[in-house]
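Student: Bring the two chains, given one by one in their own frames, into a single complex with the hints.
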Amino acid sequence: MPRLLPYLLLLPATAFLCLFFLYPFVQVAHDSVMRNGVYTLENFSRMAGHWKFSTAFWNTMLLAAVVVPIQLAMALTMASIVTKLQRGRSSILYIFAIPLGISDLAAGLIWLSVFEQSGFLNSWLVGLGIVDQPILLLGYQNTWVIFIAIVLAEVWRATAIMMVILVAGMGLIPKEYGEAADVFGATRWQKFRRVTLPMLKPSLQTALILRVILAFEVFAVVVALGGTQLPVLMSETYHWQFAMQERGVAAAFAMVILGVSVAFTILILRLLHVPKGARV
Amino acid sequence: MAVIEIKQVAKSFGSFTALHSVDLTIADQEFMVLLGASGCGKTTLLRIIAGLETPTIGEVWIGGRRVDHLPPRERGIAMVFQNYAVFPHLTVFENIAFGLRMKKMDQAEVTRRVNRTAELMHIEQLLKRYSGELSGGQRQRVAVARALAMEPDVILMDEPLSNLDALLRLEMRAELKGVLAESNTTTIYVTHDQVEAMSLADRISVMNGGRIVQAANPVEVYRNPAARFVGSFIGNPPMNFLKAEPAGAGKWQVAGQVFDGPASAAAEFAIRPEDLHPAEAGLPAEVRVVEPLGPHTLVTASVAGQPFRAVLESNLLPAPGDVLHLAPVPDRIRWFDPATQSALR
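Quick mapping for you: the protein sequence lines, in order, are chains A and B.
For my numbering, add 834 to where a residue sits in the first sequence, where the first one is 1.
For my numbering, add 4 to where a residue sits in the second sequence, where the first one is 1.
Since the hints were made in silico from the structure, they are not lab data.
It is possible that part of the hints are untrue.
[To be verified] Partial selection, computed: residues in chain A whose CB lies under 10 Å from chain B: (1) 837; (2) 980; (3) 1010; (4) 1011; (5) 1014; (6) 1018; (7) 1020; (8) 1024; (9) 1029; (10) 1032; (11) 1048; (12) 1051; (13) 1054; (14) 1111; (15) 1113.
[Said to hold, decoys possible] For lysine-lysine, the following DSSO-like pairs were computed, each having C-alpha atoms within a straight-line distance of at most 27 Å: (16) A/1009 - B/255; (17) B/132 - A/1009; (18) A/918 - B/132; (19) B/181 - A/1035; (20) A/1110 - B/132; (21) B/132 - B/108; (22) B/107 - A/1009; (23) B/108 - A/1035; (24) B/107 - B/132; (25) A/1035 - B/132.
For glycine and all other residues, C-beta sits at the position ideal for the given N, C-alpha and C.
In isolation and in its complexed conformation, chain B is listed as follows (with noise of 0.2 Å):
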């Protein structure tokens, strides 16, 4: 049983803010995901739950208990580090076993722990060789078995997946998720790459300039995102932002049509690329570039002035120069405060 609580954690570098009071539970088992930009803070605050960073101020509760002033061995944590960090000295056997040598563990627990571990990471066969001599998909398993072989309540992971090809990527993506997912641990992972986050996460915190913007399972962080720079940042293409003028009591005047919208003063438009379909009446784009990728075509348009982008059927392939009418989902429209920046509901 692992809840990890972080109350209130901030950490400055000299006068560089990294982390502005940060709040945050996680859930037994849970599959956290710190997904944000380089710079975000997401790194530093894994690095405080790990012991490696001391927050300026703030607690980190693990297991219902306080362990800001532990160092990272007392804290019952085992970690993936972004280098891998695969001790270039020791065979993998005893890669995977540093963590249950510093225990103490007796020799036939240990045997029994990396041949479990290093099997289900598939590198059984692996296990007399040094690092020097694995590549980098095979030293990042040898970093994940080391990690599970602890049977820690906590895993935590930087990164892990970045340094490996595109390929490989997916392949342990998955391999990953499955493997997880029978552990019983709570998961912390760190990265800066979305379909990552959405394919592995639970849920979601998404970060940006050291604060927490939204916290919530994929979808949710998808559809409904609570500011403008999670709709910003998740779905590639991105969402699309529109000005608004007000057109009366909850309608407002976007590119000539008129929305239902929310009760305020000011609203920016939101509308996701693939919600949006061709029709008579729609929201004037003139085409500026087409790219068909196959299951799709990607149109890049600009909409009274402001760039717009939409995910079309295939079979449709304007011409750049061409004005389409599209319009958008009603139900998937989303407003944003121009000022705060935060979802308008």
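Next up, chain A with everything else stripped away, as it sits in the complex (with noise of 0.2 Å):
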């Protein structure tokens, strides 16, 4: 009996995770292969040769390709330096994990206070005297303006959350390692490149796959800045699921979705292997 007793206590969980996620899962996969009531690659081949599609496939690549660097990149530095401070420490990652309690949608509608005709950026801009009537900033006209919105609002929210990954992850290291690598010459970059960056690979990877997933998830900040300015895979879903009624070409989307990411979930992981009896 105690041997069956840990199976039974996750029966309940694996239960509700079978019922709320494997079946609605099933569900829309079995969507994107039927129309009418037969199997068929229909639904694929309407998302594909819609116009809009290439543009929503490379705009969330592209979102992702800027987004995920400058997040890692900041996350990479603000942890080094929070792992550093003596005291203080928890008050600053609290700052710092402010925007993770904000709903992406409020996110997006705090940058568009900024960006937007009557927001701050415009009426700084006036009062500097920098332009002389408020410009329109997230017009199909620059749709790059739009871009960069909300490339600085992705960044702004969810920056924290990898920094927090990091952070954990650092202080795994003990702290020997450093003071060897001190000891044998290293300088504070070298220390970084050859010893803390090769050793925080796991907690890199689980910040990294967590970030590229959400970023190829992007929608409520998009829809906010740019409202169909800029069409990104997830907004496209949900156009062809409430706006078109598709629902077989809007599970099609779905699938896309996942594959880019489980794509790129199996390349991070490859990419970061740690080979076994080279961890800590």
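Tutor: Have a look at this one:
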């Protein structure tokens, strides 16, 4: 009996996951290859054939490619600084973590109030006499401003989650390794590059996978700041599901997001693989 | 050439003083052991020399150069850490090469030095492995090889053998002594193990409460402890101490026996357990416990109500309750000042 007990205790949670996660997931996968009661790939061809698909796909990729490296660099820098603090460490961590408590839509709205025509940025520009009258920053003529605004909002909103993971990871590296690096002639940069970074791989894996998956699912911030000016995969999924009432095509979009997420997760796991025996 | 001079170095952590104004000069190529119980400041002193800790006041000189304001990498030192600190993400080869890579040494020289030191430490067959695949003893060898590969002026060792099991420790001790004697480096070695200290050191600095109590060669430290603490810390079993009553000029009465002693106001009698032999007249010792240990017999007794130990020949097997008369070897008797705890000569 005691042998079975752990499984028995895990049963409710497992059943819950199967019922409310695995079942809907299979349902969506099924929907994506089903049209008018027959199995077909037509949903995917409709999706791929639509003129917005490749824009949405590449916008999503580009956003992830810009946002994640910036966040990684910032999170690493911030985590290195926070780890070295003698006191006030937890207060700083709390302050950095504030944006984590805000929903992504609210974050989008905050940055909208900065960039919109009657927003802070415009009133400063006018107040300083740089422009005569407020300019339309988030218009369709300059989607690159929308892009920058989204990057800013995303960096502001979600860097802290990476930092928190990396701070925890750095805390797990025994101090002696850093001291050994010091004694054996490493400069600060060499120590970071040759000792801290490689030993941080497991935490980097977690942080990157989490962030990259979230980056592919970017939605509310994009909608708040760009409306339909900057389509991304998630906003297209929403559009097909609710505006076009095309459940199958929406499911196909969802499968694409899933596929991309899985592919990148595997890539990150491979790239940051720590061989057995080389673990801390 | 690397003489190490420590000049009035003190270190406080908040209100706790780990080191009180330490002065110490270590000669070129000397093997100096810092010996003391945990919390005596020996590791702090080593870390100050390494540059991992900054002294609150005082100066550290290595090879005629003042280094206390320099980072560790500019001090010409290498170090072996207590927990080895062998990098888990690097192979044994790259671990040994680590310091050489930091110096941007060319590949041929790196390979030559790694192979040479690996051979010296008998780990040449492990060069491709990661530290997770090594035993504690092998990691220890890698840590030593990494330090030797630097060909440093000074090697610092922080309790390098304390995590090994007893047999392995014995083996590594002898090996370290041989390897370091050939390496022309000045060595500072921290340990709490007196046997290790005695066997390795050219000189031992016995530390207590953040001070160096005595710095001398092992035999001197053992035979002529500069303070009561040294006598009670070194030696297993440690020195015996007995109260002494004045009995005329330079004469002291100890447990009914009269001995020649120092001409001071007060004194405490001290004798090593092995410097005693049974005699007609001697210190009356009431035997409590008898431990036959093979080469000799350890007797725990009480002399005039004070604890007392004697190491006697193994053919002598008294029974608990017996009274032995133990005569001390006259020139092995030592005297301490009960007030200052320092030796009286």
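Student: Work down the list of hints and note, for each, if the structure agrees.
Tutor: Against the structure, the hints:
1. 837: With a minimum Cβ separation of about 30 Å from chain B (threshold 10 Å), the hint on residue 837 of chain A is violated.
2. 980: violated, 42 Å
3. 1010: holds, 4 Å
4. 1011: holds, 6 Å
5. 1014: At about 4 Å, which falls below the 10 Å cut-off, the nearest Cβ of chain B leaves the hint on residue 1014 of chain A intact, so it holds.
6. 1018: holds, 4 Å
7. 1020: Nearest chain B Cβ about 5 Å off; hint holds.
8. 1024: holds, 6 Å
9. 1029: holds, 7 Å
10. 1032: OK, holds: residue 1032 of chain A within 10 Å of chain B, min 4 Å.
11. 1048: With a closest approach of 28 Å, the residue 1048 of chain A hint is violated.
12. 1051: violated, 32 Å
13. 1054: Residue 1054 of chain A check fails; min Cβ-Cβ to chain B is 39 Å, beyond 10 Å.
14. 1111: holds, 4 Å
15. 1113: Holds: closest Cβ of chain B sits about 6 Å from residue 1113 of chain A, inside 10 Å.
16. A/1009 - B/255: This hinted pair is violated, its Cα atoms lying about 57 Å apart.
17. B/132 - A/1009: holds, 25 Å
18. A/918 - B/132: violated, 34 Å
19. B/181 - A/1035: Cα-Cα ~38 Å, so violated.
20. A/1110 - B/132: Holds, at roughly 13 Å.
21. B/132 - B/108: Roughly 21 Å separates the two Cα atoms, so the pair holds.
22. B/107 - A/1009: Cα-Cα ~22 Å, so holds.
23. B/108 - A/1035: Status holds; Cα separation ~25 Å.
24. B/107 - B/132: At roughly 22 Å apart (the allowed maximum being 27 Å), residue 132 of chain B and residue 107 of chain B satisfy the hint.
25. A/1035 - B/132: holds, 21 Å
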